[in-house]
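> Spelled out from the first residue to the last, the chains are:
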Amino acid sequence: MTPSTDSRNTSAKEWVVEDVAAGTFRIDRTTLIDEAVFEREMASVFGRCWLYVGHESEIPKPGDFKARDVGNRPLIFWHGHDGAKRVLYNSCRHRGALVCRIPEGNARGMSCFYHAWTYNSTGALNGVPGDEGYGEHFDRAAMGLLSPPKVDNYRGFYFVCFDPGAVGLKTYLAGAADYIDLVADQADDLEVVPGAHEYSMDANWKLFVENSLDGYHLLPLHKTYFTYLEEREGNTLDRDDTTEALDLGNGHAVICVHGPWARPVARWTPALGEHNRPQVEAKYQELVERYGSERAQMIGLTDRNLLVFPNLIINDIMGVVIRTITPTAAGHTKIHQWSLATAGEDPDLRARRLDSYIAFQGPAGLATPDDLEACEACQAGLRTAPDVTWSDISRGMHREHAGQPSMASDELQMRAFWRRWQSLLD
Amino acid sequence: MIPTGLTSATIGHATPSDAVRVRDTTVISAVCQFLYDEAALLDEWRLDEWLSLFHPDAVYLIPTPEDLSNDPATTLHLVHDSMNTLAGRVDRLKSKHAHAESPRSRTRRHITNVRVWQSPDGLETRSVFQVTRVRGGVVDRYVGVYEHLLVSTTDSDVPWLIKRRRVALDHSIESAGGQLSVLL
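Here the protein sequences come in this chain order: A and B.
Just so we're aligned: 354 in my numbering is position 354 of the first sequence, and the numbers increase by one with no gaps anywhere.
Just so we're aligned: 113 in my numbering is position 113 of the second sequence, and the numbers increase by one with no gaps anywhere.
There's no promise every hint is true.
[Stated by the list, open to error] Calculated lysine-lysine pairs in the DSSO-like style (CA-CA distance at most 27 Å, straight line):
id: 1; chain 1: A; residue 1: 61; chain 2: A; residue 2: 150
id: 2; chain 1: A; residue 1: 223; chain 2: B; residue 2: 96
id: 3; chain 1: A; residue 1: 223; chain 2: B; residue 2: 94
id: 4; chain 1: B; residue 1: 94; chain 2: B; residue 2: 163
id: 5; chain 1: A; residue 1: 170; chain 2: A; residue 2: 61
id: 6; chain 1: A; residue 1: 170; chain 2: A; residue 2: 150
[Stated by the list, open to error] Residues of chain B clear of chain A, computed beta-carbon distances all greater than 12 Å:
id: 7; residue: 26
id: 8; residue: 46
id: 9; residue: 110
id: 10; residue: 113
id: 11; residue: 130
id: 12; residue: 139
id: 13; residue: 143
id: 14; residue: 147
[Unchecked claim] Computed footprint of chain A on chain B; a stretch qualifies when at least three of its residues, placed anywhere within it, have a C-beta under 8 Å from a C-beta of chain A:
id: 15; segment: 7-16
id: 16; segment: 58-71
id: 17; segment: 79-86
id: 18; segment: 97-108
id: 19; segment: 163-174
Hints listed in this document are in silico derivations from the structure and should not be mistaken for laboratory results.
Ideal placement from N, C-alpha and C gives every residue a C-beta, glycine not left out.
Here chain A stands alone, though its shape is the one from the complex:
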């Protein structure tokens, strides 16, 4: 759809409509297909929220860097030789060229290839060829690579925020911080495994955020994956599993289930190998001794899909997956994901962790392609938006508003997302 004056000025209250008495929660489908809405989102959501950049373990040594696109801005996540980890805009102060043109590496400094302005690993400008061509007012100290207005980390997860007036990261994370703790408390030292999954879909980013938190779709959509688990790995889904969905505040949400798959921390199944059984069980005992049985159960035996609004998903299921979901247009989305693992874990367990992850969640896995197909089928169907106006997100509302616990197959978690989205767009 072409941008219309209407959707530039429409109140988002007209797009997200909740009627508790009628038991309806409806989304105007314009919000998923209109480029003018996308432009508003880039300013009001991605321009104002804290966005995930990377994990501290990805740049362990001085000089280590990763080039990252965050909120469609090119950034450098760089471990300076002064010991500080920084996030810098990847754009030369002279004319704007990318200073870093490779995705990762280790460098004491970076030189812009255009006019050879050189920056060191703290971002400071330390070389300008022919600087006699600049007068006395040229302030080299003020011409280093700039940093976004806010950069902070929580338990090693680095975020940036492009809004100087935003609240601090810990305040922003609200109840999601406790769920990041459940991941961070798995081991004394966690590391992102080398390699990333990069994929994309021709669908709106919000559809994949919903999909990432959607317990309702698992059985109908992923029948082939559960058949695989049952026939090839001997694991059967417990259809009477106790699940929950929680609104964590500020648009963050989580669903908790207990899947049939193996968890390296710490639910052994035959897929992890008989010889690894003692160490996985010992790991669980260690969690019990350290945190008590209730918390150990939450850390080691519960599978969780966490949304940190707007676009970070941390799936702690068959291994921990960090996923970012970034729109490039109303109808196109890039997805990047990494595996977070216990540093120094047994090599065989590491190998099995990776295999278990890529069989399910990778872009060539047995499940993720179907998720993308579902989102793309939605996007194609949403061309009817001028006539078929509303999407329904009411599942479990009767439970939510009666104060009863919500289940993973409810849609409380999507409602939490959409309420926050609506408040930011207005």
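We have chain A already, so just place chain B on it with the hints.
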């Protein structure tokens, strides 16, 4: 994550180590025919017949195009299948519930620049491929190098079984199909 326009410095080296180049055109020609036949089975979705070309201990690997690592035990891959996993993948693809491939893609594999080495483990082949995939009116292209380790067999209709099949892509799938629901 590769920001728009950035290119990984990593370039894969396809030449196998510890191997002697095979110059015998009879062998090379037979290897080519084997690769073409294998490609035809995939393009025609004769997946059980394709699966029967594999050795019971075979692995099927697709590293992530950005790092082209050789080690699926330490580096995230797109695919690392044992025969158990690969058979499960084939089962899935044959199901009408493999929604990303229902209806199925049409693929055409072009295989060229075939080179063959004799290694202690068997015949190592390297070939350049281009796979076109057509689905929903969209044409996607995948480009890279196939690496096959072929071992002799006596009890089969084919001269070799595939012991290792690695697909080294030259590009991110982010820009080719978005995901990888077909067998490459």
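> Counting residues of the segment 58-71 of chain B that have a beta-carbon nearer than 8 Å to any beta-carbon of chain A, does the count reach 3?
Our answer is that it holds, as 6 residues pass the Cβ test (under 8 Å) against chain A, meeting three.
> If you count the residues of the segment 7-16 of chain B with a beta-carbon closer than 8 Å to a beta-carbon of chain A, do you get 3 or more?
With 3 residues in contact (Cβ-Cβ under 8 Å with chain A), the coverage given for the segment 7-16 of chain B holds.
> At 12 Å, judged by beta carbons, does residue 139(B) keep clear of chain A as stated?
Label holds. Min Cβ-Cβ 14 Å, cutoff 12 Å.
> Quick one: work out the minimum CB distance from residue 147(B) to chain A and report holds if it exceeds 12 Å, violated otherwise.
holds (17 Å)
> Can the restraint linking residue 170(A) and residue 150(A) be considered satisfied, given a maximum Cα separation of 27 Å?
holds (12 Å)
> Would the least Cβ to Cβ distance between residue 113(B) and chain A come out above 12 Å?
holds (25 Å)
> Per the stated criterion, does the least C-beta distance between residue 143(B) and chain A lie above 12 Å, as a non-interface residue requires?
holds (16 Å)
> According to a criterion of three or more residues whose C-beta lies within less than 8 Å of a C-beta of chain A, is the segment 163-174 of chain B covered?
Holds, because 3 residues of the segment 163-174 of chain B bring their Cβ atoms closer than 8 Å to Cβ atoms of chain A.
> Holds or violated: residue 170(A) and residue 61(A), Cα atoms, limit 27 Å.
holds (26 Å)
> Please count how many residues of the segment 97-108 of chain B have a CB within 8 Å of a CB from chain A and say whether that reaches 3.
holds (count 5)
> Would you say residue 46(B) is clear of chain A, with no C-beta pair closer than or equal to 12 Å?
holds (19 Å)
> Residue 61(A) and residue 150(A): Cα distance at most 27 Å?
holds (23 Å)
Checked against the numbered hints listed earlier, the structure breaks none of them; every hint is satisfied.
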